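Let the sequences and hints guide you as you build the complete structure.
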Amino acid sequence: MTDKYIDIDAVLEAKAPSLKKKLPGFIISYLKRIAHENELNDFLSKNWKEDGITFISNFLVELGISYDVDGADKLPESGRNTFVCNHALGGLDGIILLKMLCDKYGEAKVVVNDILMYISPMKSLFIPVNVVGDKQNKESVSLIDECMESEIPILYFPSGKVSRRDKDGNIADLQWKKNFVTKSIEHRRNVVPMFFDGRNSNFFYNLAYWRTKFGIRQNIEMLYLADEMYKNKFAHFNIVIGDTIGCDSLGDMPAIEKARVIREKCYNLSKKN
1 MTDKYIDIDA VLEAKAPSLK KKLPGFIISY LKRIAHENEL NDFLSKNWKE
51 DGITFISNFL VELGISYDVD GADKLPESGR NTFVCNHALG GLDGIILLKM
101 LCDKYGEAKV VVNDILMYIS PMKSLFIPVN VVGDKQNKES VSLIDECMES
151 EIPILYFPSG KVSRRDKDGN IADLQWKKNF VTKSIEHRRN VVPMFFDGRN
201 SNFFYNLAYW RTKFGIRQNI EMLYLADEMY KNKFAHFNIV IGDTIGCDSL
251 GDMPAIEKAR VIREKCYNLS KKN
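Each residue of the sequence shown is one higher than the last, beginning at 1 in this note's numbering.
Derived by calculation from the structure, the hints in this document are not laboratory data.
Only true hints are included.
Taking lysine-lysine pairs in the DSSO-like style, the calculated list, with each CA pair at most 30 Å apart, reads:
1) 123 x 46
2) 74 x 161
3) 104 x 178
4) 32 x 46
5) 161 x 265
6) 271 x 167
Computed Cβ-Cβ distance ranges for the label pairs, DEER-style:
7) 271 x 202: 19 to 29 Å
8) 202 x 138: 37 to 47 Å
9) 77 x 22: 50 to 60 Å
Quantities reported herein were computed from a predicted structural model and do not represent experimental measurements.
Using N, Cα and C, we set each Cβ at its ideal position, and we do this for glycine too.
Written out as structure tokens, the structure is:
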């Protein structure tokens, strides 16, 4: 029998027992289906003891994912580098970019929501941060600084959220946070802008739009990110690498403005492709 690393029944029982009692069985079955509980548990049971790089490589093979890298020659050969990218897919893009960076450098880490640390095989690839509170705890800040001070390539999704569709119908990140700029200045890191060419389904964007329109604060569309990954099964993606921005030029304007400029550079890469 396949181990249950993902257990919707157990999550509901632990987090919302009263709600679980009220939910009809077909709703719980639906939640299991969109979470791809069976498929993910099957994969996890076979790969739970793998190291991080092998784990993500096997997952991309499992989904039949392929990708190209335009401007691969622009990837720095050495030095401290922070890689920043639009958050097109909200999960699968991070796995693909980690694979690309690990293939190039032998190792890499990505700054993620600390809730993802439950994926034990990927812990070595993660720098966890608390995205709920306004302040990071000392342990989290210390870990970020330790990693930023090293030569390890670090991947940031500065928006902190998956791309959304705006009122004009364009799919793009929300405002980029300045943290990657301030940390790169502090630790003398260059910044490499990248663009990930990909998108989620219209259902995902429409759900996010109407959820916001009705003033619902909970990001219920995030329940569908696993489903969005599987909708991209056998997909081919394109990654575009931009010119490296030297750490000495990062402080030539306020950090939030520099983040905006680099975000623009990122999206301009899509137009050159």
